[in-house]
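2 protein chains.
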Amino acid sequence: MPESEIKKIVIIGAGNVATNLAQALTKAGFDIIQIYGRTDHSAKALADKVKSSYTSNLNDLNMEGDIYFVSVVDSALKDILKKINVGDKLIVHTSGSTPIDILKNSSSNYGVFYPLQTFSKHKKLDFKNIPVCLEANSDRNLKLLTSLAKTISKNVKNINSEQRAAIHLAAVFSCNFTNHMFVIAEEILNKYNIPFDMVKPLILETAKRIADEKPHKVQTGPAKRDDHETIAKHLNMLVNDKEYMEIYKLITENIIKHKNQTE
Amino acid sequence: MPESEIKKIVIIGAGNVATNLAQALTKAGFDIIQIYGRTDHSAKALADKVKSSYTSNLNDLNMEGDIYFVSVVDSALKDILKKINVGDKLIVHTSGSTPIDILKNSSSNYGVFYPLQTFSKHKKLDFKNIPVCLEANSDRNLKLLTSLAKTISKNVKNINSEQRAAIHLAAVFSCNFTNHMFVIAEEILNKYNIPFDMVKPLILETAKRIADEKPHKVQTGPAKRDDHETIAKHLNMLVNDKEYMEIYKLITENIIKHKNQTE
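Listed in order, the protein sequences are those of chains A and B.
First residue of the first sequence? That's 6 in our numbering, and the numbers climb one at a time after it.
First residue of the second sequence? That's 6 in our numbering, and the numbers climb one at a time after it.
Mixed in with the good hints, there may be bad ones.
No copy is singled out in the list; a pair is fine if it fits within one copy or between any two copies.
[What the hints assert, rightly or not] Below, simulated DMTMM-like cross-link-like pairs (lysine to aspartate or glutamate); rule was C-alpha separation at most 20 angstroms, straight line:
{"#": "1", "residue 1": "Lys219", "residue 2": "Asp202"}
{"#": "2", "residue 1": "Lys264", "residue 2": "Glu192"}
{"#": "3", "residue 1": "Lys247", "residue 2": "Glu258"}
{"#": "4", "residue 1": "Lys126", "residue 2": "Asp217"}
{"#": "5", "residue 1": "Lys159", "residue 2": "Glu210"}
{"#": "6", "residue 1": "Lys264", "residue 2": "Asp79"}
{"#": "7", "residue 1": "Lys262", "residue 2": "Asp246"}
{"#": "8", "residue 1": "Lys213", "residue 2": "Asp202"}
{"#": "9", "residue 1": "Lys109", "residue 2": "Asp93"}
In case anyone wonders, no lab produced these hints; they're calculated from the structure.
Using the sequences plus the hints, can you model the full thing?
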């Protein structure tokens with residue numbers, strides 16, 4: 006058990022973030038005393054992984070927790086908060102896009118604990134390098150969250166709600182939209198009977214090369230080269246998929262515009 | 006020197022692809038006898054790296070080569086080919102988007118040697134895992150290219166011109182457009198004084214997680230969850246940048262459409 010005023014943890018949520026967070030906290034020595042999930046099935050699946058009790062009834066919330074993590078999809082957060090009562094216990098949400106104030110009627114001790122990563126229930130990630138963005142309603146609570154966060158990550162930052170919203174938006178571009186580029190690439194390849202494996206080394210290198218360079222410095226390809234002939238060929242290949250064509254056009258125009266601004 | 010009928014290599018081009026290719030071939034034991042570059046400066050820079058002669062005059066092309074790689078930007082390819090005469094020597098281009106036929110008047114022995122990767126002059130990549138897409142005008146030439154390619158990569162494929170064009174288009178989505186998502190992310194973060202470093206672990210994980218999973222299976226984020234409240238918040242944050250807003254809208258709509266098709 007790490008040295009911390011926080012020992013017992015209740016996790017409200019059993020999705021991708023909750024699963025990875027619960028596992029990291031267990032590994033760090035904390036006691037997860039209860040998992041709440043929307044269904045017994047989802048709650049039990051996570052509870053089994055971290056040797057915890059579980060419930061799917063918010064009225065049965067264990068009141069012995071030192072901290073309550075509310076880690077549910079953003080669209081469910083408001084409803085869940087209305088239904089729970091944690092007294093004056095420390096309560097945090099894990100949402101990038103939600104301001105800290107959403108918690109102000111839930112307790113006099115509250116904060117945000119936002120791990121910036123894309124999580125899956127089925128893949129356990131090492132939290133060590135995952136940035137954890139913290140915000141709290143008091144110095145004392147920020148201190149508590151900081152000491153907690155540092156047990157699982159070496160990348161802990163104080164981030165206010167406005168900054169966190171920007172980080173979340175940047176994450177949508179860096180992760181979700183990027184992943185959708187992979188979806189489109191796969192579909193194009195499949196149409197020509199080429200396995201998606203072909204572009205995997207390229208995808209990995211694209212992510213690795215920005216480790217030490219600014220992304221606009223490492224841009225390559227027809228848009229960057231103002232190669233209108235190749236761009237025209239590509240648009241022609243997308244003629245039967247207007248939406249991909251639109252996406253191609255818009256991003257290409259934006260790369261060209263950027264290029265002209267930074268040259 | 007590897008066992009191969011090809012021993013002496015001339016490389017026409019001194020850019021990103023030419024640089025990485027020349028270095029990989031040198032490492033495999035081939036003799037790069039000449040580099041042509043648009044300027045003496047660019048030609049010499051690469052020639053020095055691979056202990057080769059160089060020229061910036063196409064009339065001075067060394068005729069002793071067993072193979073001639075034309076590795077120039079797509080838009081310059083046609084012009085360069087008009088200006089060179091390699092007799093009946095084997096000549097290949099390295100372009101993803103250009104059909105093999107562009108070479109048919111350049112020699113009776115020709116082909117394509119397309120390494121599928123994003124290259125930089127300044128970063129030497131290990132060719133071992135880079136897919137090399139080959140096409141040739143005869144079985145004999147394909148055999149020659151295959152044995153050459155296998156000395157630098159363990160991922161050598163026969164790919165026709167139509168497939169290669171599709172691969173190149175998929176590469177633009179997977180690499181150039183993905184990289185542009187990073188450019189946008191960085192700009193958003195900078196506006197809020199947050200270092201781009203924050204999203205680097207996320208970017209790396211996004212690339213890694215598709216190693217064993219189809220990209221649409223690992224999609225996360227507000228579009229995937231049909232979280233219209235968060236999407237509206239994001240669009241609101243982009244209100245002063247219409248182009249980013251358009252890109253956000255278009256990709257988000259496409260993720261939602263895909264989701265509904267595959268669910």
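A quick look at each hint next to the structure:
In this homomeric assembly, Lys219 and Asp202 come within 20 angstroms of each other (Cα to Cα) only across copies, at 10 angstroms, whereas the closest approach inside a single copy is 27 angstroms. Proximity of Lys264 and Glu192 under a CA criterion of 20 angstroms is satisfied inter-copy only: 14 angstroms between copies versus 28 angstroms inside one chain copy. In this assembly of identical chains, Lys247 and Glu258 lie within 20 angstroms of each other by CA distance both inside one copy and across copies; the values are 16 angstroms within and 13 angstroms between. Taking the shortest alpha-carbon separations for Lys126 and Asp217, only the inter-copy value of 15 angstroms comes in at or below 20 angstroms, while the best intra-copy value is 30 angstroms.
When the C-alpha separation of Lys159 and Glu210 is checked against a cutoff of 20 angstroms, the pair qualifies only between copies, where the shortest distance is 17 angstroms, while the shortest distance within a copy is 25 angstroms. In this assembly of identical chains, Lys264 and Asp79 lie within 20 angstroms of each other by CA distance solely across copies; the values are 18 angstroms between and 36 angstroms within a copy. Within a single copy, Lys262 and Asp246 get their C-alpha atoms only as close as 24 angstroms, which misses the 20 angstroms cut-off; across copies the closest is 13 angstroms, which meets it. With identical chains, the CA atoms of Lys213 and Asp202 are at most 20 angstroms apart both within one copy (17 angstroms) and between copies (12 angstroms).
Taking the shortest alpha-carbon separations for Lys109 and Asp93, only the intra-copy value of 11 angstroms comes in at or below 20 angstroms, while the best inter-copy value is 79 angstroms.
Checked against the numbered hints above, the structure violates none of them.
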